[in-house]
Amino acid sequence: MTTAPNDVVIVGGGVIGCSIAWHLASRGAGVTLLEQNALASAASGASAGGVRQQGRDLRELPLAICAIGRWEHLEAELDADLHYHREGHLTLIEDETDLPAVELSVAQQRAAGLDLHTVVGDDLRDLAPGIADHVTAGTYSEHDGHANPILTTHAFARAAEQAGARIRTGTTVTGIHQQGGRVIGVDTSAGPVSCDHLVLAAGLWIPRLVSGIGINLPIVGFAPQMLATRPMEPRLHQVLGARSRKLSLKQIPTGNYVIGGGWPGDIDLAAGVATPREESIVGSIRDATAVFPELANATLERVWVGVEALTIDEVPILGPLPGVDNLTVAAGFSGHGFALGPIVGQLIAEQILDGTSSLSIDALGLDRFAGAQSGPPKITPKAG
Amino acid sequence: MTRKPVVVVGAGPAGIAAALAAAASTHCILLDEQSEPGGYALWRTKSAEQTPDVEVIPRLREAGIDYRPSTSVWALFDGPTVAAYASDHAYTIAAAAVVIATGTVDCVWPVPGWHLNGVFTPRPTLADLRRGAIAPGTRFGIVGNSPQVRSLVEMIKAFGGEISKVTADLTTTRIAGETRVERLGDGRGSATVDHVVLALGRRPDHALALQARAASAFDRQALVEMPLLTGDGATSIPGVFVAGEAAAVRGGDAIRAHGKLGGNSAARVADGTAAPTIPESAPPTKPDVATWPIPSDPETIICREQLVDLATLQQAIRDGAHDVNDLRRRTRAGMGSGQDILPALAALLLHQDPAIPDERLIARVRPPIRPLPFRAVLETLGGRTA
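For the protein sequence lines, the chains are F and X, in the order given.
Heads up: the first sequence is residues 1 to 384, going by my numbering.
Heads up: the second sequence is residues 1001 to 1386, going by my numbering.
Worth flagging that the hints you see were computed from the coordinates, not collected in a lab.
Please note that a few of the clues may not be correct.
[Stated by the list, open to error] Here are the in silico distance ranges between beta carbons for each label pair: (1) F:Arg208 / X:Arg1364: 19 to 27 Å; (2) F:Leu127 / X:Ser1337: 53 to 61 Å; (3) F:Asp187 / X:Arg1364: 27 to 35 Å; (4) F:Arg208 / X:Asp1353: 38 to 46 Å; (5) F:Thr254 / X:Thr1171: 32 to 40 Å; (6) F:Ser244 / X:Thr1171: 54 to 62 Å; (7) F:Glu77 / X:Thr1171: 43 to 51 Å; (8) F:Thr254 / X:Asp1353: 42 to 50 Å; (9) X:Arg1131 / F:Arg208: 34 to 42 Å; (10) X:Glu1359 / F:Ala107: 47 to 55 Å; (11) X:Ser1337 / F:Pro129: 22 to 30 Å.
[Stated by the list, open to error] Residues on chain F that point at chain X, a partial pick, calculated with CB under 7 Å: (12) Ala38; (13) Gly45; (14) Ile267; (15) Leu269; (16) Ala270; (17) Val282; (18) Ile285; (19) Pro293; (20) Ala296; (21) Leu300; (22) Glu301; (23) Arg302.
[Claimed, not checked] So the derived list for chain F, only partly shown, Cβ under 8 Å to chain X, looks like this: (24) Ala40; (25) Ile150; (26) Thr169; (27) Thr172; (28) Arg230; (29) Met232; (30) Thr275; (31) Pro276; (32) Glu278; (33) Arg286; (34) Thr289; (35) Thr299.
Here the structure is a predicted model, which means the values were calculated and not measured.
Virtual Cβ for every residue (Gly too), placed ideally from N, Cα, C.
Required output: the full structure, derived from the provided sequences and hints.
Set out below in structure tokens:
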């Protein structure tokens, strides 16, 4: 394909949809983004904000490494403060018998190009004072960090609008129109919208949309729960994860600790709400304090829950949907899509406008599930 | 098998009446944040020693009520499951029914300078007076014309404070100072002050019912979300009731009667004889916050917890902030302990678009509705107590 389609409709106003809108619009494509609620009101609004390479599936790791290169210049590119801090990500190991498996995983990730190494003893305490005494080791990825997902989503949207994109919030897409194996438009709560290409970046709301045109996506809902403490003295620079816990712990610029990592809340998709779960609040507090004991002095100020789309293999589905010429999906980020936002936007835009992308996303296509047993995934997702 | 208890949250007049009514037929636990019973009346007594009703504790004991002072409730889960903490331990009570009798909170409203140190609502001011934490001769300014003003003036004088200025004109009120309050002014002049009290009235505190996701409506006069209630205070959630001032009932006898009604109904839920009811309306709430003026100075701090000014909020609304939750996400105003200004955020959205649907004015109320010390959770590791 050499001629750019002049009208791309994107469904979903999270960080992924807004990044796709920016990358398309900045290259001159006519873009309309439709969001049923407000920008960053579902998964992106509840993201922990991790910008992490380590610990990813090897199919996803090349994207994460490229994404870090984009993050380095993203605030300048979007002319916005994204609260991006790159002070490293440490995954803590509490059981010595895990070390052989950890070393193997470190070797694999290094072979894939990630600057990752194991830190032990005094080096670990020097790196991150405050880590519990029983923690044996950590795998340290120096260039990982965190940013503010809401600021980032809005910055992409604002840049896209300045490049000519139209962003329509409060607009629900209710159906997809096809003709001769092509999408010709969508029905919305504000009337029909026609398009030459349709991009679905609406997370958990996509399966219902595409089931109307006979496509089954292996995506289920997941409600990652996040906690924030009252502000405390600056102390923790890195993002902490833990090999044997559902934990992502960071201290944001305002001094609050933000705790996530996959403890679940409850989703009521019909009502469009996700609600906190008591045992997950207790579990998160217990996990965070176990590896970072001074949090025992913290006070819980806020709890919130996101609505995430999770795939069977916990790796996103990116690219064209089979059987329809001009329909692209970017979904199922399974709790770790925020960091990939810049690169996913770039690659999807390249695929639509150039017919190919500068970094292959073939391994992330829907066709990887062909012939696979589908069923509810077994899940211990590591958010953000 | 022991029967599940009725839990009453709040030991003010409504909560005490509810607990006494419930305890007549079932086991009742009465939780209260304060160290002694009495509710709002406690704030107005002249010293820490003077309890408004010294007979209360023996009466609770005689009735067999398990009264637990200095205990905060931070959430309801799965309907009437009460998550509480006291000093250094947290616990959960699987109750048959809960009566939320949490009274009122002091209203706030942004006026220029209200974010300065030395600006308080009546309750912390009264607490400081009682503790002797305010020096005699301290010069007070008071903003508001609510019924709180008269008793506040009496209390300040009784503790040796001076009243330098009282103003009810929110449109021209301006609090000035470097980091602390120094002057309070309005259209008729200004005075030197050390301490300013925003005495704008009280509004129902039913955050627990909203956090539990009781069906609700937005009150466009008070600019707050109100749970829908039946006559006895039943919410849409089986076994969850709201009683007394938390249910917008006013006046001593009416509050006690409403508490008794709620306590009786809660006890009927506990013994399995209650007929299900579906609330259809929310009681009208005071004060009439919708008439309060939006500040004209764009530099006025609206959220004093997150230090967000009017210009920033108006820009976010012009940028397309879709609803009150979106406005909070975009600006951080009204996050964390800044939730007291949610009515002001609703007013800004309504000012921009009077036709905005109610559901866009409703902010999500999530746990914890009281700050929860990690230490309390760690002590119990989530153990359940009944």
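F:Pro129 and X:Ser1337 - C-beta distance against the hinted 22 to 30 Å: 29 Å, holds
Proposed interface contact between F:Glu278 and chain X, which counts if any beta carbon pair is under 8 Å: 5 Å, holds
Range hint 54 to 62 Å (beta carbons of F:Ser244 and X:Thr1171) holds or violated: Holds: the Cβ-Cβ distance is about 60 Å, inside 54 to 62 Å.
Distance restraint evaluation - F:Arg208, X:Arg1364, Cβ atoms, bounds 19 to 27 Å: 23 Å, holds
Interface hint for F:Ile267, Cβ within 7 Å of any Cβ on chain X: 13 Å, violated
Interface restraint verdict for F:Thr169 against chain X (beta-carbon cut-off 8 Å): For F:Thr169, the interface hint holds, since the closest Cβ of chain X sits about 5 Å away, which is under 8 Å.
Satisfaction of the F:Gly45 interface hint, Cβ to chain X closer than 7 Å: 6 Å, holds
Agreement of hint F:Ala270 with chain X interface, Cβ distance less than 7 Å: Violated: closest Cβ of chain X sits about 13 Å from F:Ala270, beyond 7 Å.
Evaluation of the interface hint that places F:Thr275 against chain X, nearest CB under 8 Å: 7 Å, holds
Pairwise beta carbon distance, F:Arg208 to X:Asp1353, judged against the given window 38 to 46 Å: 30 Å, violated
C-beta pair F:Asp187, X:Arg1364: status relative to the range 27 to 35 Å that was hinted: Hint holds: Cβ distance 29 Å, inside 27 to 35 Å.
Per-residue hint verdict: F:Arg286, partner chain X, C-beta under 8 Å: Result: holds, 6 Å to nearest chain X Cβ.
Of the numbered hints given earlier, the model fails hints 2, 4, 8, 9, 14, 15, 16, 19, 27, 29; all others are met.
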